[in-house]
Every structure is written in structure tokens, then in C-alpha cells.
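Line by line, the protein sequences give chains S and L.
Numbered per our numbering, the first sequence finishes at 503, counting up by one with no gaps.
Numbered per our numbering, the second sequence finishes at 131, counting up by one with no gaps.
These are computed hints drawn from the structure, not numbers from a lab.
One or more of the hints may lead you astray.
From chain S, some residues computed to sit far from chain L (all C-beta separations above 12 angstroms) [what the hints assert, rightly or not]:
(1) L173
(2) H222
(3) A253
(4) P297
(5) E345
(6) V351
(7) R432
(8) G433
(9) P458
(10) G461
(11) P463
Listed next, the stretches of chain L that the computed footprint assigns to chain S, with coverage defined by at least 3 CB atoms under 8 angstroms from CB atoms of chain S [to be verified]:
(12) 16–25
(13) 54–60
Computed Cβ-Cβ distance ranges for the label pairs, DEER-style [stated by the list, open to error]:
(14) D159/S to A101/L: 54 to 62 angstroms
(15) E492/S to T59/L: 40 to 48 angstroms
(16) A129/L to S148/S: 18 to 26 angstroms
(17) E130/L to D410/S: 34 to 42 angstroms
(18) D384/S to V26/L: 47 to 55 angstroms
(19) G100/L to A357/S: 57 to 65 angstroms
(20) E23/L to P257/S: 36 to 44 angstroms
Quick reminder that beta carbons are idealized off the backbone N, C-alpha and C, glycines included.
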Amino acid sequence: MTEMPKRADGSRATPLLSRHEALGGRMIDFGGWRMPVQYTSILEEHRAVRQRAGIFDLSHMGELFVEGSEAAAALAGALVTDPPSLEVGRAHYSMICAPDGGVIDDLIVYRLARDRFLVVANASNAPVVSDALAERLDGKRAILDDRSLATALVAVQGPAARGILGPLTDVDLSTLRYYAIAEGNVAGIPALVARTGYTGEDGFEVFVDGAAAGELWDILVGAGAPAGMLPVGLGARDTLRLEAGMPLYGNELDRATTPFEAGLGRVVKLAKAGDFVGRDALARAAKAGPRRLLVGLVVRGRGIGRHGYPVWAGDRRTGAVTSGTQSPTLGVPIAMAYVAPGDAAMGTMLEVEVRDTRAVSEVVPLPFYSRAR
Amino acid sequence: MIPSDLHYTKEHEWVRVEGDVATVGITQHAADQLGDIVFVELPEPGKRLEQFATFGVVESVKAVSDLFAPVAGEVLEGNAGLATTPEVVNSDPYGAGWMLRVRLSDPAQVGQLLDPAAYEALTAEG
């Protein structure tokens, strides 16, 4: 029996669906899941995370556990990163690529023990990643345990996150580093606590058994209320990650995109020991140089660039917007776009085609927003 | 509450008629559905609008939506305040969040719009 069965309409619900509905969440279908896009206001929820804290239900994400004496080496052969180089208790950003170098998904890989890893995949890609990993691990002393439908994930993000979560857990958050994970309890519930997120703020992601998700959510919501923590939907999750310059699979990354084009070439460890899927194609792509590059744009004219809007360099179409919105923090329209490499230099003035006009836009460094440290 | 002194379109615009001048905006229902409004694109004064044709665009954080003219006429004025404070469309859609003032070319067109009861029934259907 799974914790997160399919509903009558074919979508899946997380164990927290009734909480989202009780909170007035506006529910949408996202990657096959019934999820809240907002509770009150995307802007309010966005600002809560930047200034105080927000709590997110991310139980739609895929949790793939890989265990065995060859788990590290098998993952090195399956992914573009080098999991054997991870220390126990640490994590890194990774990707799984097709033999032609296209990105199947972007991932976080956590090393839980010498021979045990947790791979977190995007919700809509989790089944594909699970199948690809199973195939790539075949014949190795490594077992894939896809616990996506049994594992709940709740994130607490924002400057107040540590103060909210700290008193509830036996994990020492003061020594838990960014991109680290520890096993412990949160409010007495067995959990994996990771210092990772997708918002550009300090924050934590808490993995628990799906059956305990409701209890965990209620305790965290209660603990966060005095600090002004709000529940945050997918709408603000998108604006937060966009300000932080983080890619979204399906927008900045897809099967037709290499990590190099996305500015994520550093993630690909071509020098690691052993072969891995996509190595030859990625080595060629690295040598040839990217055909297009992901850039940040700030619209200096009037208009908001949206996914798919053309980008022009004079009368030459140089690319297209992948993600764009009005930045709640900066108060100006921001976008990410793929453009020709010659148009990607900082300060280059391009134009985003917005309906029947063109909005002058400047290439700026990513991320658009970095928290004060 | 849906104001009782206005006329409505199925696309969730409202219009207030005073003599041969109409004031146009979007309803609270529309503003709520869009979410936080961050950008409003309106036509210049002098532009001639066709009834039920698009006259502009309203953007929330997540989405872009067309605006439809409830009546035909000539644009007298757009709400310049929306360029800097588009959020008043959410907070006061029937007041400070108005969008256009239009000189009606055919006042009889108002008869083709929904009355408050019909608009309320439309939104109740979801």
C-alpha cells in the first residue's frame, strides 16, 4: 500500500492535502500532483520567506534511496557528479543525463552513510529517474529503493527557520552545514534533516515517513506562527527560486539542453574515475563550447518577459525567455533566457518581445538576489 | 459583494455609465482569481475600442490575461496610477483600481452586458 495513492482524477495527493484545503490553498495540478499554488498571496508568501520564514509541502518530490557496497561507484556511473567524493552527511547538486548529454533531471544527492545515498528528484521526473537509475544500477551491488510515494518532505525556509526548527529537533542545527544532512528526530518523529532549499535563504528540508507528515506539519506550523512563518505554495516557490537564479526543470533544463548551456558545467565531473552515462557527448559539448547560454535579464523598459517570449539583439532573434516574473524583492521584471553566446556578456542590452512591443532588457549576473550573510 | 450599479461582461470586466462616458475595470472575482497584480497595460487616449475586443493586458505574478472592452468607444483616459501601484486592482477593483474612461460610441451596447444578478450567477458557477 502506498501513502500517496492516485485520486479519482488521476492526480496524486500528498498526505497534507486536507491541511492545504483547510488553509484556503488554491490547488492546481503540478507534475501529476494536486498541490497548492498559493494560500493567500504569492507576494505575501514570498516576502514571508525573505523576511521571516515559510513552510512548504514538497512531498511530491521523488525520494530514491540507493544502498549497497557499490552504491557510490554505481551512482558515479549513473550521474554526472562524483558521489564517491561526498563525505558522509554531505550533499551536492547533480544531474542525470541521457547518453546524448541532455538533462533528464536535476537532483540533490545526499550521502547518508558510506554505502547509503538519498537521491531527490523533481516530482514530474521521479518515475523516469527511478527507471533510469534502476537500469544503470543493474548488475551492481547497489539496490534502488524508490520511496517517493511513502516519504513526505516539508521545508522550512527563511532567516527565522533555524530558530523555529532548532528547539524541536535533536539535530544540532548550529553545526549542520549548508548542503549537509543528519538523521534525528523532529518533534519526536524520526526524520532526516537537511540544510538545503530552493529559495536563496537559509533553511531546512525535513524528510519523514508519509504517515507522520500531518503531525510534523501541524507542530511546525504552530512553532513558526509566533515568528510570522506562513505556509507557502508553488507560486512563491517559483518566484523565490527565480530571484535566486536557480534553474527549474522544464524551463531552464530539459532533454535538449546540456549542463554547459545552463551555466552548470562545473557540476559535470569529466575527470572522475570510470565511465558515466553521457560522458562522451558531454566531453564533446565541453570542448565545442555551448551554442547558447543561460543569462539573467532585468527589463529596463516596460513589460514582463514570460516563458517562450522571443529575445532580440537588434533585428536578430538571439533566443527566448525560459522564466520571468515581476521580482517581488527587487521590484523590477526579471527573467532568465537562453541567448547566443555572443550576446551573453554582462551589460549587453537586448530586447524581450512582449506582445506587440519590445522591452529593453539588460544582461545581469545571476543570481538576481543573494541573501546578506 | 458585487456592486449593484454596474454592468458586467462574462470576461469579468465591469462598466459604470455616466451620461455618454463609461468607466471600465475588472471585478473583484477576476482580481482574486488572478492573484497579486503586478502589471497593467492600457491603450493610449484616443484609441478606438470595439465592443468585446481586447483592449489591454493584466499580469499577476504568475499569469497574463487579456482585458476585453465591455463597450465600443474612444479612450479618454487610462488610470495612470496603475503604472506604479497595480496592486490597487486587487485591493479596490471598483474604486481606485479602475482602468479606463471611454466615450461611448453606442450607449445601447450596455444592454448587451450582464446585470449584477446575472454576473453573480456566473461567478457562483465558478
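Lying within 36 to 44 angstroms: is that true of the beta-carbon distance E23/L to P257/S? violated, 59 angstroms
Assertion that L173/S lies farther than 12 angstroms from chain L (Cβ): Its Cβ does come within 12 angstroms of chain L, the nearest being 4 angstroms, so this is violated.
Against the range 54 to 62 angstroms, how does the distance between the Cβ atoms of D159/S and A101/L compare: consistent or not? Violated, since D159/S and A101/L (Cβ atoms, about 35 angstroms apart) do not stay within the stated range.
Cut-off 8 angstroms, C-beta pairs, minimum 3 residues; does the coverage of the segment 16–25 of chain L by chain S stand? violated (count 0)
In terms of Cβ atoms, is chain L entirely out of 12 angstroms range of A253/S? holds, 18 angstroms
Satisfaction of the hinted span 18 to 26 angstroms by the C-beta atoms belonging to A129/L and S148/S: Holds, at about 25 angstroms.
Beyond 12 angstroms from each Cβ of chain L, as asserted for R432/S: Check fails; 8 angstroms does not lie beyond 12 angstroms.
Consistency of the no-contact label for G461/S, given chain L and a CB cut of 12 angstroms: violated, 9 angstroms
For the hint 34 to 42 angstroms, verify it against the beta carbon of E130/L and that of D410/S. Violated: the Cβ-Cβ distance is about 57 angstroms, outside 34 to 42 angstroms.
If I take the minimum Cβ distance from E345/S to any residue of chain L, is it greater than 12 angstroms? holds, 31 angstroms
Please test the hint of 57 to 65 angstroms on the beta carbon pair from G100/L and A357/S. At roughly 35 angstroms between Cβ atoms, A357/S and G100/L fall outside 57 to 65 angstroms, so the hint is violated.
Distance rule for H222/S, whose beta carbon must clear each one in chain L by more than 12 angstroms: holds, 31 angstroms
Of the numbered hints listed earlier, those contradicted by the structure are 1, 7, 8, 9, 10, 11, 12, 13, 14, 15, 17, 19, 20.
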